[in-house]
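S.K.: Input sequences plus hints: build the corresponding full structure.
Each chain, written out:
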Amino acid sequence: MMQDRPDTHELIEAVVHFLEREILPALTDPRLRFRGLVAANMLAVAAREVAAGSAPLYEEWKRLTTLLGQPITESPRSDEELRQAFLALNRDLCLRIRAGEADEGEWRDQALAHVEATVMDKLKIANPRYLERVMKE
Amino acid sequence: MTTDELKTALESTLVRAAKSRVQVSGLAQMAGGASRELWRLDVEVAEGEWAGRHPLVMQRPLGGKIHAHALDLKQEFIVRQAAYKSGLPVPRPFWLLEDFLGRYATFAEQLAGETIGRKIVKDAQWESARARLPTQMGATLAAIHRIDLNEHDLHPVLPSPPPGLTPAQWHLREMEADLDRIGEPHPAIELCLRWLHRHEPPPSERLTLVHGDYRLGNMMINANGLCGVLDWEFAQIGDPMEDVSWGMVRDWRFGVDQLRYGGVGQPEEFWAAYQAAGGEPIDPVRARYWEVMGNVRWAAGTLNQAERYLSGQEDNLEFASLGRRCAEMELEALRLIEEPLPSR
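Chains as they are written, first to last, in the numbering used here: chain W, 28 to 164; chain R, 402 to 745.
Rather than coming from a laboratory, the hints here were simulated on the basis of the structure.
Keep in mind the model is a prediction, meaning the values are calculated, not measured.
Every residue, glycine too, gets a C-beta built ideally from N, C-alpha and C.
Keep in mind that the hints are not guaranteed to be accurate.
Capping the alpha-carbon separation at 25 angstroms, the derived lysine-lysine pairs in DSS-like fashion look like this [unchecked claim]:
| # | chain 1 | residue 1 | chain 2 | residue 2 |
| --- | --- | --- | --- | --- |
| 1 | R | 486 | R | 420 |
| 2 | W | 163 | R | 475 |
| 3 | R | 475 | R | 420 |
| 4 | W | 151 | W | 163 |
| 5 | R | 420 | R | 408 |
| 6 | R | 486 | W | 163 |
Selected chain R positions facing chain W (Cβ under 8 angstroms, derived; list incomplete) [claimed, not checked]:
| # | residue |
| --- | --- |
| 7 | 432 |
| 8 | 591 |
| 9 | 592 |
| 10 | 599 |
| 11 | 603 |
| 12 | 658 |
| 13 | 718 |
| 14 | 719 |
| 15 | 731 |
| 16 | 732 |
M.R.: Here is the structure:
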């Protein structure tokens with residue numbers, strides 16, 4: 028069923044704006060104010076994640092299967108299947124790194140490039156201002 | 402329990418510690434940590450060695466423990482006393498109650514000043530104070546590392562690396578165990594852990610008391626700069642370079658990225674003060690190693706704290722938020738391991 032607007036992203040944004048414009052300025056207890064800021068930030072992360080949709084997830088999944096030499100036979104059919112496939116692939120990658128396979132050589136470069144791209148994609152959602160600041164250096 | 406009831410309980414319990422009649426006023430809860438409850442109070446002691454009016458901070462434990470090796474309040478009190486007796490700028494420790502309403506309670510001098518890192522690095526009010534910090538923090542850290550473990554009988558109190566492991570290997574093993582327990586795969590952290598295994602320099606010749614969280618946020622600052630080193634709960638016996646490089650971790654620059662020591666200065670200035678005050682000579686390659694270690698430990702730390710929320714141990718918004726901050730430390734650590742090592 029198609030829900031009416033505001034859509035998920037718009038709902039979250041509306042609450043973020045309400046917190047920032049009306050609630051936070053009214054808080055005088057510094058401790059509560061800090062937690063209010065943290066809360067507004069967390070909602071803003073969720074808003075960016077919803078707006079980005081599942082495209083970055085499928086990108087990472089493609090990169091991972093290539094890196095691990097596991098040819099794509101069938102794309103995951105649901106978000107839950109994708110999540111499970113992700114956990115399995117990333118566990119595999121972690122085991123291979125711990126076993127020393129990414130210590131040096133060409134596969135190290137590939138693994139490093141993939142991992143760094145993934146971390147940057149996470150930051151585009153979690154903290155784009157931080158990412159921008161660090162990349163400018 | 403109401404604040405009034407707490408005040409009454411304090412007045413009757415503190416009589417024995419202060420060996421005098423005492424009056425408690427101004428009791429109020431302060432912003433505390435995740436594992437402690439903090440209260441401010443004024444204690445008026447009628448007579449004896451503690452006679453006088455003292456603004457104090459009382460700490461009481463909460464259920465949680467941030468880290469398996471974190472000290473409890475009694476252990477931390479012993480370490481703070483050692484630091485105070487060694488002439489370090491720490492709030493004067495007053496009393497330890499082993500059973501105050503069924504829990505430990507410790508009392509120490511209440512210092513006036515600012516602890517919030519982002520204010521100290523940015524507010525105009527702290528401009529001249531923060532200019533002094535790299536030097537003051539360097540000299541004070543050297544003094545911490547000179548505290549005599551035997552004289553103050555600290556060996557039984559402090560966690561230390563298991564036999565056969567260097568402090569670095571100990572931390573790596575703990576992080577790997579934490580990651581396995583949490584069960585969320587983090588390839589970026591794993592790559593950095595491998596780098597840390599393969600690039601470990603020889604440990605410092607002398608293992609010392611390590612503060613364990615030596616950075617802005619845990620320093621009390623007044624107009625003259627550093628006036629108190631706080632939060633000793635992560636103290637341990639370890640490699641002094643761990644403390645030296647911890648303040649370089651990007652998150653502890655509080656947004657002032659270009660000042661690579663704590664957002665207040667350059668590491669060279671801090672190192673010079675550390676060495677001048679008797680700290681071991683700083684090798685930039687070892688400092689870099691421990692900077693990577695610091696970023697990776699804080700990355701793993703965010704996962705640990707998020708896990709405490711996710712598993713239902715702590716209903717704490719900040720813990721929940723930390724899970725999404727892990728990538729910040731991961732990016733910094735990855736960038737550092739890709740850089741060429743500094744020249745000696």
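S.K.: Just to be careful: measuring from the Cβ of residue 603 (chain R) to every Cβ in chain W, is the smallest value less than 8 angstroms?
M.R.: violated (21 angstroms)
S.K.: Measuring from the C-beta of residue 599 (chain R) to each C-beta in chain W, is the shortest one below 8 angstroms?
M.R.: holds (6 angstroms)
S.K.: Taking the closest Cβ pair, is residue 592 (chain R) under 8 angstroms from chain W?
M.R.: holds (6 angstroms)
S.K.: Verify the proposed pairing of residue 163 (chain W) with residue 475 (chain R), using a straight-line Cα cut of 25 angstroms.
M.R.: Violated, because 46 angstroms separates the two Cα atoms, which is more than 25 angstroms.
S.K.: Holds or violated: are the alpha carbons of residue 486 (chain R) and residue 420 (chain R) at most 25 angstroms from each other?
M.R.: With a Cα-Cα distance of about 21 angstroms, the restraint between residue 486 (chain R) and residue 420 (chain R) holds, given a limit of 25 angstroms.
S.K.: Does the alpha-carbon distance linking residue 475 (chain R) and residue 420 (chain R) stay inside the 25 angstroms limit?
M.R.: holds (20 angstroms)
S.K.: Next item in the hint list is residue 732 (chain R). Is there a CB on chain W closer than 8 angstroms to its CB?
M.R.: holds (5 angstroms)
S.K.: Once the shortest beta carbon distance from residue 658 (chain R) to chain W is found, is it less than 8 angstroms?
M.R.: Nearest chain W Cβ about 6 angstroms off; hint holds.
S.K.: For the pair supplied as a hint, residue 151 (chain W) and residue 163 (chain W), confirm whether the alpha-carbon distance does not exceed 25 angstroms.
M.R.: holds (15 angstroms)
S.K.: How about residue 591 (chain R): closest beta carbon in chain W under 8 angstroms, or not?
M.R.: It holds, given that the least Cβ distance between residue 591 (chain R) and chain W is near 4 angstroms, below 8 angstroms.
S.K.: Is residue 420 (chain R) within 25 angstroms of residue 408 (chain R), Cα to Cα?
M.R.: holds (18 angstroms)
S.K.: Any CB of chain W closer than 8 angstroms to the CB of residue 719 (chain R)?
M.R.: holds (6 angstroms)
Of the hints listed earlier, those the structure fails to meet are numbers 2, 6, 11, in rising order.
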